[in-house]
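J.: Here are the chains, one letter per residue:
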Amino acid sequence: MFVMDAWYMAAWADEIEKGGMLARKLLNRSLVLYRLEDGTVAALEDRCCHKGLPLSMGCVVGDHLQCGYHGLVFDKHGKCVKVPGQERIPASAKVASYRVVEQDHIVWIWMGDASKATCETVPRHEIHDDPDWTWVKDRYLIKANYQLITDNLMDLTHVGYVHQRTIGGTPEAHSEAEMSTTRLESGVRITRWLLDSVPPPSYLAAHTFGTPRVDRWMEIEFFPPAVVRIHTGAVDTGTGAREGNRAGGFAFMGLNLQTPETEKTTHYFWSGARLGKPERAADTKAELLQSLPVTFGEDKIVVEAQQTALDENPDAPHVMIASDAGLAHARRIVSELLAKEASERSGQTGQTQ
Amino acid sequence: MFVMDAWYMAAWADEIEKGGMLARKLLNRSLVLYRLEDGTVAALEDRCCHKGLPLSMGCVVGDHLQCGYHGLVFDKHGKCVKVPGQERIPASAKVASYRVVEQDHIVWIWMGDASKATCETVPRHEIHDDPDWTWVKDRYLIKANYQLITDNLMDLTHVGYVHQRTIGGTPEAHSEAEMSTTRLESGVRITRWLLDSVPPPSYLAAHTFGTPRVDRWMEIEFFPPAVVRIHTGAVDTGTGAREGNRAGGFAFMGLNLQTPETEKTTHYFWSGARLGKPERAADTKAELLQSLPVTFGEDKIVVEAQQTALDENPDAPHVMIASDAGLAHARRIVSELLAKEASERSGQTGQTQ
Amino acid sequence: MFVMDAWYMAAWADEIEKGGMLARKLLNRSLVLYRLEDGTVAALEDRCCHKGLPLSMGCVVGDHLQCGYHGLVFDKHGKCVKVPGQERIPASAKVASYRVVEQDHIVWIWMGDASKATCETVPRHEIHDDPDWTWVKDRYLIKANYQLITDNLMDLTHVGYVHQRTIGGTPEAHSEAEMSTTRLESGVRITRWLLDSVPPPSYLAAHTFGTPRVDRWMEIEFFPPAVVRIHTGAVDTGTGAREGNRAGGFAFMGLNLQTPETEKTTHYFWSGARLGKPERAADTKAELLQSLPVTFGEDKIVVEAQQTALDENPDAPHVMIASDAGLAHARRIVSELLAKEASERSGQTGQTQ
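Chains as they are written, first to last, in our numbering: chain D, 1 to 353; chain A, 1 to 353; chain V, 1 to 353.
Everything labelled a hint here was simulated from the structure, so no lab data went into it.
None of the values given here were measured: they were computed from a predicted structure.
One or more hints might be untrue.
[Claimed, not checked] Only part of the chain V face toward chain D is listed, based on derived beta-carbon distances under 8 Å:
hint: 1; residue: K51
hint: 2; residue: P84
hint: 3; residue: P90
hint: 4; residue: A93
hint: 5; residue: A96
hint: 6; residue: S97
A virtual CB, placed ideally from N, CA and C, is assigned to each residue, including glycine.
Put together the whole structure using the sequences plus the hints.
T.: Next comes the structure, spelled out in structure tokens:
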């Protein structure tokens, strides 16, 4: 069961070429995404209403999709506009279509009640177009429920253990960091401060600090149902980072979008950006591409092992610990949204989603 | 659920060598086919009644099969005739046996009520022994329900889309062909005429016509539950093909036998024959072997994708179009046969199949 | 459903190195085995009680295991002794632990009611430490229920058919052997005698007999729920083997321990030992390693095919034959133990295993 009335990331913008199609299953539904002649993206159910063949096995004809089995043609709204060999088109000849927004290099999709979809609520990530930030991205198919990935990101004490060989540092430093959790209007923010601490090797490699010790922050924001943005960085100790002055140091921005494919598999989209000199962008990209996939690969192993363990022991109890506060918040928000949708559905007598 | 009281193709005759065994699952049952010393084929349940080992893992001993685990021996009727180490053979020591007919290079099997099996109702295909016809054959295991293959064959408007790169031609020509559907005593015949039309490249390659345009036919016959024969050809336009004079032109005969392995997998046996000069048989065979597997491979991709879509959305509605008339007929006949068998079974109080 | 209050083989002793961990699923439960600093073996549930990650993905820290996700530490009793970043350890923070005994190079485990586990009932196999015996061993993961392996071992008439190419000999000799079945205090013993018989090639290759014919025995002992020991051998005919004098001939001891992984997969541990001169041990080992895996591989194919057949036809009847006497005994003993445990559980109101 997924939150339906929400924006999920469907694809990176450059995954959908003009004239091409992208077949992808999201929230248990098979979709086909394609670009119209004006460059905007359309999303249809990937299943011809005649014999069920995926439309993505057919071809794009202008703004339409033609099925590759018996040639039925569908417009961007999913309406069948041609049945070869007959004049009349049955009224029931149509496939589902979905609202799509392309923004910040991301294609977002709304798969629930279209009347509730408002572009204003699409999460923004403007640094993807900010020349001061250099970024890289990818998509992994993870064999785990999307919330296990959110859990992972919302409790960074795992960094010391899972990422011991990469970005870890001393486990104790992470466990003992000062932490505060704030519920936002629609989400959660966790802020962790490691004041007057030794910068980790990856920071030193990327930036020259003016002092041997730094004030370091990690800011984790959750936007329900499935986006986590992590802002980390450090400046020379005592220069007022805590009070808001984060300029002139090291800064990294990780965007994580875990869109369910099924209950047990997830399209994990991520981007990693570093604040820096635009003229060094190529080097920075190379550095990010060398380090981030290794780190995310360590998380992939963990969450997939967790899913396997859950499948084996679905009813085994889980003990909560202090550092679960943030993820517990995030899960509660998702549960509330699910409950809200369920109650709305049951209130609509005779209607089903 | 399958029609049981019917002849299905079990194997090509040359798949069962003398002294050898062929293990094959048909209609959800594991069978072993083998040749007796007089050359006829016997078919037994492929499961020793003692410990369940497939008899096909044992060996042929004369007209008998010996289990490879503890040496029990079974005759062609499935009766156990030897248990090593003991004199008395338990009365319950037997496996199921099935009626088999070998004809036209095809081994047919009857897996329902043996008392209803009559050789006269075995579909014939005499051209397999006619020297004027040259033919090739194969068997594909298709990951789709057998009726999806029948559907495919009963609506040839798909040719223009699925086989665009092979035997397609202009899609419109197929959609606009004149078509008539006739219900036979036990089956359906669809006849399509493309009078005064441009012959497709494959026809021109195989035959020299006397006129630039031809009268072309496609005759599709369905023999329930799972045989489709397709007779296609063309003669010089205006020479009376429509009135029955089909001599002297190009003619192709496709035989399609889709025997269920399980509900979702099918042994798709096919042969393709061309009318022509016996002295050119080797060349014709080579041509057929070059083209037919490519075309059938295109259908395989489509019906397997359909099965996957069905598994994902078993309850999604399907829109009917005009060209579905023939396959709807065929499906209705199968449904009637299934209903008839179900009612016969429920009428037999205390009996089960 | 498995007999729980019993000793099963968990591993060969040398599979668990000091400082290392062995993850293994036994009786449907995922376990991690590791050595404490004093060299003894501990066994814990392989699932952190916090987020469910297998503890075997973490590391050994002295006598403890540390989870690789958020660093929780567990002692050998499964009690959580550290949660990074907090003082208080929740009382519910614990994982299951199991009784383990290491003996005769075998690590045994008791996964049922620990209060009933007594070391005295661990089956012994002292020849693993007897210099007059030379042995080799291995573990196969068999895709079949463990009882199918026991069945195989308890009816040696299969030797003539399954092992025709290896240790078979004449099938009839095995079927006609004199056989007696004795129910032991907790188990079964089957004794088979082939008096005054021709020794099989493998015996002749390993031993020089004083007479052309031999008195040959096969003694199969079943220790419930899942151990079968087979003692075979032969001495010069007429020298009193039947009366107990087995000295001076050929003797082989096979130990078979079929520990369920799941209902349909089994860790099949085996050792094969030959009585002989210690100075020839290296040669004997090489000979055993050359022959035993081939023979056991033949059995693997059979029992896995049986499991597949059972999955296809779970309700198909099985005919019993005379040589099933021994395995029927063994199955009855297992059924009695299962029934006993079920009745004990239902007697414990409000308690579940």
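J.: If a hint holds in the structure, say so; if it does not, say that too.
T.: Evaluation of the provided hints:
A cut of 8 Å between beta carbons decides the hint on V/K51: the least distance to chain D is about 6 Å, and the hint holds. At its closest, the beta carbon of V/P84 sits 4 Å from a beta carbon of chain D; the interface hint therefore holds under the 8 Å criterion. Hint status for V/P90: holds, given a least beta-carbon distance of 5 Å to chain D, under 8 Å. Hint on V/A93 holds. Least Cβ distance to chain D is approximately 5 Å, under the 8 Å limit.
At its closest, the beta carbon of V/A96 sits 10 Å from a beta carbon of chain D; the interface hint therefore is violated under the 8 Å criterion. With its C-beta approaching chain D no nearer than about 15 Å, V/S97 sits outside the 8 Å limit, and its interface hint is violated.
In summary, the numbered hints that this structure violates are 5, 6.
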